[in-house]
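Asker: The residues making up each chain are set out below.
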Amino acid sequence: MSRKVIEVHQLSKAYQIGEFTTGTLSKDLERWWITRVRGKEDPFLKVGETNQRDKRGDSNVVWSLRDINFSIDQGEAVGIIGKNGAGKSTLLKLLSRVTAPTAGNIKVKGRIASLLEVGTGFHPELTGRENIYLNGAILGMRKREISRKLEEIVDFSGVERYIDTPVKRYSSGMYVRLAFAVAAHLESEILIVDEVLAVGDADFQKKCLGKMGEVSKGEGRTILFVSHNMASVKALCSRAILLTDGQISMNRDTSSVIKSYLNDPRSVPLERDFLRDPAIRRGNGEARFAEILVNDGVEFIDPSKTISIQCTIQVQKVIESLFFTLMLRGRESSEPIGASRMIPVSKENLEAGTIVSFTISLPPGLLRTGMYPAYFWIGKPRKIIGEHYPYDVVDSRFYLNCVSDKDEYELGYNPSDPVGFFTIDTKMRNLNIDQYVIK
Amino acid sequence: MNRNERIQDWDLIIEGKTSLFDLKFNDVWQYRDLLALLVKRDFISFYKQTVFGPLWFFIQPLFTMIVYTFVFGNLAGISTDGLPQPLFYLAGITAWSYFADCLTKTSTVFRDNANIFGKVYFPRLIMPLSIVVSNLIRFGVQFLLFLVLLAYYYAIGVELAFSWVLLLSPVLLVLMALFGLGLGLIITALTTKYRDLTFLVTFGVQLMMYGTTVIYPLNAAPENYKPWIAANPMTTIIETFRLAFLGAGNFSWASLGYSSVAIGVIFILGVLIFNKTERSFVDTI
Chain A
10 MSRKVIEVHQ
20 LSKAYQIGEF
30 TTGTLSKDLE
40 RWWITRVRGK
50 EDPFLKVGET
60 NQRDKRGDSN
70 VVWSLRDINF
80 SIDQGEAVGI
90 IGKNGAGKST
100 LLKLLSRVTA
110 PTAGNIKVKG
120 RIASLLEVGT
130 GFHPELTGRE
140 NIYLNGAILG
150 MRKREISRKL
160 EEIVDFSGVE
170 RYIDTPVKRY
180 SSGMYVRLAF
190 AVAAHLESEI
200 LIVDEVLAVG
210 DADFQKKCLG
220 KMGEVSKGEG
230 RTILFVSHNM
240 ASVKALCSRA
250 ILLTDGQISM
260 NRDTSSVIKS
270 YLNDPRSVPL
280 ERDFLRDPAI
290 RRGNGEARFA
300 EILVNDGVEF
310 IDPSKTISIQ
320 CTIQVQKVIE
330 SLFFTLMLRG
340 RESSEPIGAS
350 RMIPVSKENL
360 EAGTIVSFTI
370 SLPPGLLRTG
380 MYPAYFWIGK
390 PRKIIGEHYP
400 YDVVDSRFYL
410 NCVSDKDEYE
420 LGYNPSDPVG
430 FFTIDTKMRN
440 LNIDQYVIK
Chain B
355 MNRNERIQDW
365 DLIIEGKTSL
375 FDLKFNDVWQ
385 YRDLLALLVK
395 RDFISFYKQT
405 VFGPLWFFIQ
415 PLFTMIVYTF
425 VFGNLAGIST
435 DGLPQPLFYL
445 AGITAWSYFA
455 DCLTKTSTVF
465 RDNANIFGKV
475 YFPRLIMPLS
485 IVVSNLIRFG
495 VQFLLFLVLL
505 AYYYAIGVEL
515 AFSWVLLLSP
525 VLLVLMALFG
535 LGLGLIITAL
545 TTKYRDLTFL
555 VTFGVQLMMY
565 GTTVIYPLNA
575 APENYKPWIA
585 ANPMTTIIET
595 FRLAFLGAGN
605 FSWASLGYSS
615 VAIGVIFILG
625 VLIFNKTERS
635 FVDTI
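So the protein sequences, as listed, match chains A and B. As numbered in the numbering used here, residues 10 to 448 make up the first sequence, in order. As numbered in the numbering used here, residues 355 to 639 make up the second sequence, in order.
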């Protein structure tokens, strides 16, 4: 029987919302004077809020986590998934002791190290080497330990040449590499990782995932991994915990948890508010995207099926034509990896107030798994680049988050490097196999 | 039996409520390397960002001394207990600025480190402790300046006397550090809830300096204010410091004893409040 290293019992965390203090001493004193001494109404209470004692008791408290129970064995890699606000980050914060629980307890065997955000405590003036020591110590390593691992860390980060250069001269990629390298070499029995893989280049991310897999399988260390990237969760974790509104709604093997999560209509957190905010938009505004829906707003897309993107456009001023382009960026690097042709939506005048909607579809099996930031363009085309102006551009606000519950091999891909972004649809002809028998 | 063993098996139990007196000094000791590295960071970053480097450590007290000599010594003509004015002021400034630096820097420790405290756990007390130690380096440099000036006055034949209280100077240093730290910890814990206290700190420290015997000796203080000035633990420290190195100042075991107790109480109170705030300040700041 394997040994339990984390046991969480009836864990709850409540946050007080709204103003529980006015924020300054003078106002608090004023409030105290007015309400208690002079017995008048509280001038700092928001209008419309009821002041009944019984009601305020409930309404001012939000349970970010409520009665969570689970345990983790040594050497397990457990993924924690859930939509935004489900309590994932709170759980990690409690585990890494950044904040204290409201009720319940967590029992831990061994040292916990968290990678809530890599590079915490890096000082720009210090050299790479000095920062390794500082960061390592912040994460709980002893100086001796760091010295012993220094070579390995530098090696892993791949910034050996610049190790004695202040990190303020580093590129952001080097910075992240170095920071992750330190964290990955922590000699902690339990490692908590939160979305760190959202940064760094593709190569390095692969290296990190590999390192984490190695850490959990080879060295018997326990990993708790929080990510929106279902592909990495699936690659790394054998078990997953699905959080919904602060409670555990599922705690099983990764595949079935991801499957049920993807089919859950409640997991639709696409940030469509962006489209309502004209202040941060590009283009001249003669026409605007009013709505973009990828596969009817489902967060995760099955790339083996047709992907459809529904766009609604509102014309603000008379325009003489309307063309549409879709471009996709790469999974990790965000480099453009492909674009549609300019699709004519209308070659005739469109009056202000016209509403245009259409659906674009991508063929099944085109993309491989991963998150692809999408770029939507509408405008009036010209042959000369300078005059080729857009009405509206929505860049990297929507993602094609392609997830599959099958792994690469099952999908018919060669799981070894290099991977690429999409499938080259090839047909084989003139196959000829001559069999020889060699004695 | 078996049950007991299992309970003892856990290394760490994270709970909602812990005792007020669970100060986790064990943890602080575990992280002592971090303390050393933070001190090193402070020193290096200070050294690297400035043109003159550590020279700034000298310039500040030197100019303050010159200004004090001019304003309080020459213009106002305040007594210096028969000591050479520059030496008298520099002694006060050196000791006071260590205390003041410790206090003002620790009083913003939660705000300054909100980012890092919100991401990773280490005993929070390490941060203010590192500030106190970092400032010790600065104090050392300034103290050297004081010794140089002292040597100069000896060389030109001014009669000064060391006193046996010199032996107490390590105690004075510890007291100053604990006092600055304790007050700073109380203030930083309160500022997580009340931001406006921060404004009070710089201003308060300045006012407090005039309530301490930095620019005048205790002997020259008006009789009716004397008990108030003497009630300030920093007064005892600075008076003793002057007596030790310059041979003029008030010292009594009673006042030292009183100051030590007062500082001890403030320090313990500071650590308790800090520790209480530390557990959940991330949620409020």
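Some clues are possibly wrong.
[As the list claims (entries may be wrong)] Covered by chain B, according to a simulated footprint, are these stretches of chain A (three or more residues, beta-carbon under 8 Å):
{"hint": "1", "stretch": "71–77"}
{"hint": "2", "stretch": "358–364"}
{"hint": "3", "stretch": "406–418"}
[Unchecked claim] One side only, chain B facing chain A, incomplete, derived with CB under 7 Å:
{"hint": "4", "residue": "L388"}
{"hint": "5", "residue": "L572"}
{"hint": "6", "residue": "D637"}
Honestly, the hints are just simulated from the structure, not real lab data. For each residue, glycine too, the CB sits at the ideal point set by N, CA and C.
Asker: Hint by hint, note whether the structure agrees.
Answerer: Structure-based check of each hint:
1. 71–77: n = 0 at 8 Å, threshold three: violated.
2. 358–364: violated (count 0)
3. 406–418: This one is violated; 0 residues, fewer than the three required, reach chain B with a Cβ under 8 Å.
4. L388: Holds, because the Cβ-Cβ distance from L388 (chain B) to chain A comes to roughly 4 Å (cut-off 7 Å).
5. L572: L572 (chain B) check fails; min Cβ-Cβ to chain A is 33 Å, beyond 7 Å.
6. D637: 6 Å, holds
Comparing the model with each earlier hint shows violations of hints 1, 2, 3 and 5; every other hint is respected.
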